[in-house]
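Chain H: place on chain C using the hints.
In case you want the letters, here they are:
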Amino acid sequence: MIYFHQVNKYYGDFHVLKDINLTINQGEVVVIIGPSGSGKSTLVRCINRLETISSGELIVDGVKVNDKHININELRRNIGMVFQHFNLYPHMTVLQNITLAPRKVLGMSEKEANEIAMYYLEKVGIPDKANAYPSALSGGQQQRVAIARGLAMKPKIMLFDEPTSALDPETIGEVLDVMKQLAKEGMTMVVVTHEMGFAREVADRIVFMDQGRILEEAPPEEFFAAPKEERARVFLSRILNH
Amino acid sequence: MLRYSILVEHWDLYMQGFGHTIKASVLALIGSLALGTIIAIFRIAPIRPLNWVGTAYVEFIRNIPLVLIVFVFFMGLPAVGIRFDSFTAGTLGLMVYTAAFIAEAIRSGIQAVPKGQMEAARSSGLTYLQAMRYVILPQAVKIVIPPLGNQFINLVKNSSVLGVIAGLDLMYYGDLISSKTFVTFDVYIFVALFYLVLTIPLSLGVGYLERRLLKAR
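Sequences listed follow chains C and H, in order.
Sequential numbering from 621 applies to the first sequence in the working numbering.
Sequential numbering from 1416 applies to the second sequence in the working numbering.
If we strip away everything but chain H, and leave its shape as in the complex, we get:
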């Protein structure tokens, strides 16, 4: 039987962690969406040097473990005089890491729009940016929603990396409560439930959005 007393007695600590996990996820989500969109545009814009920058970013970042990227922000940058607290370092690492995956999702969404769409738009005299804005991106959004939703769910779960550098998130407080009470199983079950409170509505929300966008066609 699960020991609910653990949850009740350490409710404040759980809430602290829950709050930080939400905060880190939301900040990293906004940041990685913006950064990922820019990187995606870099990758497909008809300008070679930008393509290289975009490709280098994606290939470099997504092929390194997340925890190492977080270490760079937490321990690497302080070595050159840039200092963050552990929460900020963890959130920045999470954002930079997720941006690489979001860039790929957006890029493949844009490229999944049939080539004839760009040709029709350009041959009517629209500029590249106008064609992107009015013709390509509105269609790409529908294609991108499901993979983007997956990335957001991953992001929430990946925020547990903050625990590794004492980033005050759910995982960190889970460790703390466990070392205070010498209870492991029950403590982490509650941690897992808190993650589910975030990810299941997110998952359902993405599914709902997907169905609505399909209907709008």
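Bound conformation, chain C alone:
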């Protein structure tokens, strides 16, 4: 489903991604962890070409992402994305936020799009907020709307870029619950997070990154019990024992 082969990326002189090789299969939940500045977010943002790669090969859903001749909008409609800061449209209601892309990209009627939006709002547990503006919602509610917005396009892949990092500790759980549910239903998910409990419980595979490299890739039981890399051990001991 997602295939990185020898991918490198530079910001000017800064080498952000170094020789990335990674394969993610359909229905898999891959959680990427690592210290800040290790390139986790950049890696995820390459998948839908919010960032371009400098060299190597990146194939998503059978499409060469960095080929100039592909229709990037067509690829993106099949990839949902959830951001750290939600990025809801503040001038639109929750319902309008969710229905914008289904209507303008997929050409759905307003009625059809509204029905789908309501279905996903039920799913994330806040159908009563359909007509509210994002500013009237808590962080956790906003992020659940953002997830519903992604799902309404019926994507094949969902990308999560630190979805709980900007949330109050109290509302993190409600967002993680929605994500767990989604994982159970077989969605292909790539998640950048610092929530180790979530990683341990939900991930099929943990990818540990540091300084632009993937240092270790393992099932969570294995990774959390005995990380092979020294750097991963240090990272885990710091993050788990505070």
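Keep in mind that the hints were calculated from the coordinates and are not lab data.
Cβ atoms here follow ideal geometry from the backbone N, Cα and C, with glycine treated the same way.
Watch out, some of these pointers could steer you wrong.
[Unchecked claim] Between beta-carbon pairs, the in silico distance windows are:
no.	chain 1	residue 1	chain 2	residue 2	range
1	C	E742	H	V1556	28 to 36 angstroms
2	C	E742	H	Y1543	50 to 58 angstroms
3	C	Q626	H	V1556	42 to 50 angstroms
4	C	N628	H	R1626	36 to 44 angstroms
5	H	V1482	C	K684	51 to 59 angstroms
[Claimed, not checked] Covered stretches of chain H (in silico footprint by chain C; criterion: 3 or more residues with CB under 8 angstroms from a CB of chain C, positions within the stretch not fixed):
no.	stretch
6	1494-1505
7	1527-1537
This is chain H only, laid out in the frame that chain C set:
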């Protein structure tokens, strides 16, 4: 004491000038809003050559005194065979000049919308133009209203440049009445009052719009 007889006796001349000032302002406002929007889009569109054209326009035009730009239309272009009457030349100069400032106001408004908005819109499959139209511009409008209002007020006042090339506006008629009556102070006080009749409602209107847009959030 102000000599009101000046105003009463020359009411027709004042009205002529007032009418032309309004006409020049409205025409230049519409023109500069359209031209300024196009230049702003040139400056931010993801197409390099357009960026250069937009930047060149803004940097060139806004760094020349308005009166010189008006001279170009009034005396420069006739030299190459394009002739305007003084009112048209003045209004065109005003429009071209103001467009540079409006372009900057609109550009900074668009760029003040957080980057994540464009990213969210594009990652859902919307095209660049769709994202602009449905997500970015509606938010930019709210940011742009106050600086745009300032530009409109400046435009009304700057229309007095028409007086320099006998453009039939308030300033021109002020000069005319003054040279006929040998009165200066009183004549120009009335000119100033006529400008205030235009700019104060404009200023209040912008303030009202600003408050309403803030509430709409």
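Results of checking the hints against the structure:
Between E742(C) and V1556(H) the Cβ separation comes to about 34 angstroms, which falls inside the hinted range of 28 to 36 angstroms. Here the CB-CB span from E742(C) to Y1543(H) is close to 33 angstroms, at odds with the stated 50 to 58 angstroms. A C-beta distance of roughly 46 angstroms is found between Q626(C) and V1556(H), which places it inside the suggested range of 42 to 50 angstroms. Evaluation of the 36 to 44 angstroms hint for N628(C) and R1626(H) yields a failure: the beta carbon distance comes to about 52 angstroms.
Taken as a hint, the range 51 to 59 angstroms holds for the pair V1482(H) and K684(C), whose Cβ atoms sit roughly 57 angstroms apart. Here the stretch 1494-1505 of chain H counts 0 residues with a CB under 8 angstroms from a CB of chain C, which misses the bar of 3, and the coverage is violated. Evaluation of the coverage hint for the stretch 1527-1537 of chain H: fulfilled, as 7 residues show C-beta separations to chain C shorter than 8 angstroms, against a requirement of three.
Consistency note: the structure conflicts with the earlier hints numbered 2, 4, 6.
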